[in-house]
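In case you want the letters, here they are:
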Amino acid sequence: MPTINYVLKDGTRRAIEVPNGTSVMLGAINNNLRGIDAECGGCCSCATCHVYVEESDMARLKPADAVEKELLEGVAAERKPTSRLSCQIDVTAALDGLTVYMPDRQS
Amino acid sequence: MAIGDILGELAVGIVAEAVSSAFDGGGGEKKPDIGDGLIIVGGSYAGAQIAATARDAGYTGRIRLVTAEAHPPYHRPPLSKAYLLGKAERDSLTIRGPAFYEQEKVELLLSTPIVAADRTNRTLTTSGGDTLKWDRLALATGARARTLPGTPDNVLTLRDLADADRLRDVASSAANVVVIGGGYIGLEAAASLSQLGKRVTVVEMQDRLLARAATPALAQFVADAHRARGVELLFGARDVGFDHDHGVLTGVRASDAAGRAHTLPADLAVVGIGVSPNTELAAMLGLAVDDGIRVDEFACCIDAASGVAVPEIVAAGDCTRHPSRWNPVQGMELRLESVQNATDQAKIAGATLAEGQAPKPYDAVPWFWSDQFDLKLQMVGLTGVPDVTVTRGDMASNRFSLFHFRGGALVGVDSVNKPADHMLARRLLATQTPVTPEQAADAAFDLRSTLPT
Chain A
4 MPTINYVLKD GTRRAIEVPN GTSVMLGAIN NNLRGIDAEC GGCCSCATCH VYVEESDMAR
64 LKPADAVEKE LLEGVAAERK PTSRLSCQID VTAALDGLTV YMPDRQS
Chain B
25 MAIGDILGEL AVGIVAEAVS SAFDGGGGEK KPDIGDGLII VGGSYAGAQI AATARDAGYT
85 GRIRLVTAEA HPPYHRPPLS KAYLLGKAER DSLTIRGPAF YEQEKVELLL STPIVAADRT
145 NRTLTTSGGD TLKWDRLALA TGARARTLPG TPDNVLTLRD LADADRLRDV ASSAANVVVI
205 GGGYIGLEAA ASLSQLGKRV TVVEMQDRLL ARAATPALAQ FVADAHRARG VELLFGARDV
265 GFDHDHGVLT GVRASDAAGR AHTLPADLAV VGIGVSPNTE LAAMLGLAVD DGIRVDEFAC
325 CIDAASGVAV PEIVAAGDCT RHPSRWNPVQ GMELRLESVQ NATDQAKIAG ATLAEGQAPK
385 PYDAVPWFWS DQFDLKLQMV GLTGVPDVTV TRGDMASNRF SLFHFRGGAL VGVDSVNKPA
445 DHMLARRLLA TQTPVTPEQA ADAAFDLRST LPT
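Top line first, the protein sequences correspond to chains A and B. For the first sequence, the positions run 4 to 110 when my numbering is used. For the second sequence, the positions run 25 to 477 when my numbering is used.
Hint data in this document are derived by calculation from the structure and do not stem from the laboratory. The C-beta atom is built at its ideal place from N, Cα and C for all residues, glycine as well. A hint or two may mislead.
[What the hints assert, rightly or not] Incomplete in silico selection of chain B near chain A, CB under 8 Å:
1) H99
2) A123
3) W393
4) L448
Full structure from sequences and hints, please.
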């Protein structure tokens with residue numbers, strides 16, 4: 004199972020094994036990692052699962068699609084070039100070791 | 025009164041439990057805690073969020089979440105969309121994973137319907153006859169689907185996972201589907217079943233879709249979109265009836281607006297004609313009920329006799345009716361059926377339980393979403409009957425937003441495949457930023473420039 008590193012708001016680092024075929028968002032929800040709200044459950048409607056991806060990991064991700072890009076315009080925290088919606092990051096073996104940072108707020 | 029209560033409880037052998045904070049807010053007098061913590065009735069968005077917020081706000085007492093369902097709280101919107109289409113499975117629907125309940129010490133009582141409630145003794149009674157004691161109570165009882173009387177087999181409603189499993193099962197062998205009710209649930213089911221290759225007809229009693237939930241302009245677009253994708257629509261339906269063979273559905277009868285009678289062959293019918301809030305427990309508790317459990321802006325329930333807030337009992341979500349400045353009918357309390365309302369009101373309710381009164385009253389802008397076919401609909405604000413509507417973007421491209429104005433003020437925005445407009449509109453409405461129809465209609469004008477910095 005790929006390991007995803009989540010850096011919480013207080014700087015705590017949590018390495019979590021997240022099953023293939025799920026999402027970085029679900030990895031946080033299923034392990035009670037606070038900082039990702041995911042109010043819409045992952046259907047790309049709410050922009051409350053915003054994360055910052057480690058810059059050196061960006062190239063490993065499929066680029067955001069048009070809908071995700073639009074939603075990212077409305078995230079509550081600062082939008083950065085590394086901003087992504089974690090429900091849209093599908094977990095695969097290629098993402099083993101990916102690091103994401105929780106933003107200061109989701110709403 | 026308070027001392028008498030304490031003595032009464034001690035006399036029957038219940039020892040007071042120290043719980044974090046004293047109540048000092050709210051309109052009513054909070055009774056002292058006598059054990060056994062907070063009980064949340066109802067396992068959906070509001071129930072899970074109340075538990076999370078109460079813990080975040082420092083509540084250290086026992087928390088039990090009691091639900092009649094066999095599952096911990098799960099996302100319901102996918103039931104008519106991704107789950108029905110077979111694109112999402114049960115595990116992906118969970119709102120909070122097992123680690124949440126374990127780490128936050130939230131006890132789950134599954135498959136436990138509550139059949140009675142008593143405010144004097146602060147107890148609940150389960151269908152199994154057990155008595156549960158509470159100091160603080162949260163009602164997140166939700167709503168149930170309205171049904172039609174005397175329906176044969178294969179006439180289904182869609183509200184919970186058990187409903188969705190039954191629908192998936194029947195749909196797997198169905199060819200002709202009639203959806204009764206052109207609201208969001210009905211239209212989402214119609215879109216999903218149509219995508220699964222079924223022949224689908226939507227039968228609606230009003231003369232348009234989404235009569236209760238959307239502006240005529242959006243409803244017209246949605247109707248055209250469904251027809252273009254092969255769904256038939258029948259408006260002004262009267263005298264809806266069912267034909268059956270030994271109790272199994274064979275057809276749906278209805279007359280249309282012109283009075284012509286139709287018989288639609290059907291081996292599956294989905295009834296989506298609205299919901300009724302679950303208010304029975306609130307009524308047993310002597311709380312004010314009026315097509316919803318009445319709550320104040322801090323999510324406190326209200327004593328039916330005195331009209332005074334009851335600080336130890338809160339309610340949140342579809343089951344409530346609450347004061348709201350967003351209501352187009354000013355001064356009227358509002359009942360909303362949405363994930364946003366459940367989540368945001370539950371945050372207020374959880375904070376009120378933990379701290380005596382939430383730091384801020386409930387004032388979030390209402391927003392909704394619905395996915396149908398390739399259309400992502402996102403609505404913000406309660407538009408009522410707008411006097412000006414302008415289109416931003418190109419309707420023919422299926423990517424546009426409708427900006428609605430009443431009395432010169434922006435009151436709501438419906439977006440189709442334009443999530444950026446939706447997210448911006450939420451901020452425009454929340455901050456009451458003045459926007460003119462001319463600005464909204466001009467796609468070249470950057471609406472973000474109007475926001476306060």
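- Task: Under 8 Å, Cβ to Cβ, is where H99 of chain B needs to be relative to chain A, so tell me if that hint holds or is violated.
- Result: Since the shortest Cβ distance to chain A is 3 Å, the answer is holds.
- Given W393 of chain B as an interface hint, is the shortest Cβ-Cβ distance to chain A below 8 Å? 4 Å, holds
- Satisfaction of the A123 of chain B interface hint, Cβ to chain A closer than 8 Å: 4 Å, holds
- Item | Hint status (Cβ of L448 of chain B to nearest Cβ of chain A, threshold 8 Å) | 6 Å, holds
The earlier numbered hints are all upheld by this structure, with none contradicted.
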